Amino acid sequence: GQQVMQIPQYQHVQEGEDFTTYCNSSTTLSNIQWYKQRPGGHPVFLIQLVKSGEVKKQKRLTFQFGEAKKNSSLHITATQTTDVGTYFCAGYPNAGKSTFGDGTTLTVKP
Amino acid sequence: NAGVTQTPKFRVLKTGQSMTLLCAQDMNHEYMYWYRQDPGMGLRLIHYSVGEGTTAKGEVPDGYNVSRLKKQNFLLGLESAAPSQTSVYFCASSYNAGGETQYFGPGTRLLVL
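Just so you know, the sequences run in chain order W and Z. Take 1 as the starting number for the first sequence in the numbering used here and just add one per residue. Take 111 as the starting number for the second sequence in the numbering used here and just add one per residue.
Everything labelled a hint here was simulated from the structure, so no lab data went into it. Be aware that a few hints might be false.
As the list claims (entries may be wrong) - Calculated cross-link-like contacts (lysine-lysine; reagent style DSBU-like; alpha-carbon spacing at most 35 Å): (1) W/K59 / Z/K124; (2) W/K51 / Z/K181; (3) Z/K167 / W/K59; (4) Z/K119 / W/K36; (5) W/K59 / Z/K180; (6) W/K36 / Z/K167; (7) Z/K181 / W/K70; (8) Z/K167 / W/K56; (9) Z/K180 / W/K97.
What the hints assert, rightly or not - Only some residues are given here: those of chain W computed to face chain Z with a beta carbon under 7 Å: (10) G16; (11) E17; (12) Y22.
Just so you know, these numbers come straight off a predicted model, no measurement behind them. Each residue gets a CB set at the ideal place from its N, CA and C atoms; glycine is no exception.
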């Protein structure tokens, strides 16, 4: 079945440093979504990428979808303490249910 | 709109006891899902439903049953709880499955002793 790998599992950064998490699928995806889960909270939708090579930005967050539509990344510029949490990708194949990656947990030291 | 709500928020069970977790959504979504999340792990799909009266198995369905008698409600049952079912359970809903946003409930923390 479809597998979605996410790396790294944990990332500790100093406030102001950049952060990147990567998501890789074993199969070609129709689209990919990113979610954020704050500590003690529930996953909240951030963005969806559909097109090959697509790049979307939300303030300090930049999301990319690979040309082959099998990988994606989330990059945060100049992290802030409000960025702490776990970031999940969810890959949607052409047919079937989505598969969530295991997430990358970001901690930010002030 | 309340979105997706879950009851209870927290529960302690003894091994062998049964319980039902309730998920309700007021967004008229067709699809509903039950996930479990264990420390340091992602979201694993237990069961899901593509519409009222339908259910299907996800990745980790053993030990759980579900029912979707009404479109807005999705129930998750544990017939005989085991310590391995200690987890945080999240319900989610979406308009459809074709890449639509999933809206998650606040979660239910279950401890099985």
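Right, here's what the structure says about each hint:
Between W/K59 and Z/K124 the CA atoms are separated by roughly 47 Å; this puts the pair beyond 35 Å, and the hint is violated. Between W/K51 and Z/K181, the direct Cα distance comes to roughly 32 Å. Compliance with the 35 Å bound is thereby established for this hinted pair. Taken as a hint, the Z/K167 and W/K59 pair is broken in the structure, with Cα atoms around 38 Å apart against an allowance of 35 Å. This hinted pair checks out: Z/K119 and W/K36 have alpha carbons roughly 20 Å apart, not beyond 35 Å.
Using a Cα cut-off of 35 Å, the hinted pair W/K59 and Z/K180 is violated, with the two alpha carbons roughly 40 Å apart. At roughly 25 Å between alpha-carbon atoms, W/K36 and Z/K167 fall within 35 Å of each other, so this suggested pair holds. For the suggested pair Z/K181 and W/K70, the alpha carbons sit about 34 Å apart, so the restraint of at most 35 Å is met. About 34 Å separates the Cα atoms of Z/K167 and W/K56, which keeps this hinted pair within 35 Å; it holds.
For the hint pairing Z/K180 with W/K97, the CA-to-CA distance comes to about 22 Å; that is within 35 Å, so the pair holds. A distance limit of 7 Å between C-beta atoms decides the matter here; for W/G16 the minimum to chain Z is near 26 Å, and the interface restraint is violated. Because the beta carbon of W/E17 sits about 23 Å from the nearest beta carbon in chain Z, more than 7 Å, this interface hint is broken. Hint status for W/Y22: violated, given a least beta-carbon distance of 15 Å to chain Z, over 7 Å.
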